[in-house]
Amino acid sequence: MAQGYAVFIGLVVIAALCVASWFLAPKGENQVLLATTQLTLSPYRLWRSSAILAIVSCYLMWAITFLAQLHPLIAPRKSGIREEHLH
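In terms of my numbering, the sequence shown is residues 629 to 715.
By construction, these hints were calculated from the structure, which means they are not laboratory data. In this text, a Cβ means the ideal position worked out from N, Cα and C, and glycines have one as well. Heads up, a few of these hints could be off.
[Unchecked claim] Here are the simulated SDA-like cross-link-like pairs (lysine to any residue), alpha carbons at most 20 Å apart as the crow flies: (1) K655 / L674; (2) K655 / G638; (3) K655 / Q631; (4) K655 / L681; (5) K655 / L639; (6) K655 / A696; (7) K655 / V635; (8) K706 / W690; (9) K655 / V641.
[As the list claims (entries may be wrong)] Label pairs and their in silico Cβ distance ranges: (10) S677 / P700: 17 to 25 Å; (11) G632 / K655: 35 to 43 Å; (12) V641 / P700: 21 to 29 Å; (13) L645 / L674: 13 to 21 Å; (14) L681 / V640: 31 to 39 Å; (15) L681 / G708: 24 to 32 Å; (16) S678 / F636: 24 to 32 Å; (17) T693 / A648: 22 to 30 Å; (18) G632 / P704: 14 to 22 Å; (19) A634 / E711: 33 to 41 Å; (20) A696 / P654: 17 to 25 Å; (21) V647 / A703: 17 to 25 Å.
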């Protein structure tokens, strides 16, 4: 059965993936410039931001779905269960 700490383990894995994508992203010649000195973002900086955004979005979708199933707001009810199948 799933435990609540799986969300925190997933968070650690996602943080590691974000850090890895930050450092392993392709580097361009304009990447070290400050954002105030350039008017447009380099494609490499956009690639890095998109990778991190995609990773975090997938984690949030998984965590919300996982927690909704782990602790439902409305308990499921089923009528018509025979007496011998009740616990």
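Now the hints, each set against the structure:
1. K655 / L674: holds, 11 Å
2. K655 / G638: Violated - the C-alpha atoms of G638 and K655 are around 28 Å apart, more than 20 Å.
3. K655 / Q631: violated, 40 Å
4. K655 / L681: holds, 18 Å
5. K655 / L639: violated, 26 Å
6. K655 / A696: The given pair, whose Cα atoms are some 39 Å apart, is violated under the 20 Å limit.
7. K655 / V635: Given pair K655, V635 is violated - Cα atoms ~32 Å apart, limit 20 Å.
8. K706 / W690: violated, 27 Å
9. K655 / V641: Answer violated: K655 to V641 is near 24 Å, above 20 Å.
10. S677 / P700: 17 to 25 Å: violated, 35 Å
11. G632 / K655: 35 to 43 Å: holds, 39 Å
12. V641 / P700: 21 to 29 Å: At roughly 25 Å between Cβ atoms, P700 and V641 fall inside 21 to 29 Å, so the hint holds.
13. L645 / L674: 13 to 21 Å: holds, 18 Å
14. L681 / V640: 31 to 39 Å: Violated, at about 19 Å.
15. L681 / G708: 24 to 32 Å: violated, 47 Å
16. S678 / F636: 24 to 32 Å: This hint holds: roughly 26 Å between Cβ atoms.
17. T693 / A648: 22 to 30 Å: holds, 24 Å
18. G632 / P704: 14 to 22 Å: holds, 19 Å
19. A634 / E711: 33 to 41 Å: holds, 36 Å
20. A696 / P654: 17 to 25 Å: With Cβ atoms ~37 Å apart, the hint is violated.
21. V647 / A703: 17 to 25 Å: Given range 17 to 25 Å: violated, Cβ gap about 39 Å.
The structure shown violates the earlier hints numbered 2, 3, 5, 6, 7, 8, 9, 10, 14, 15, 20, 21.
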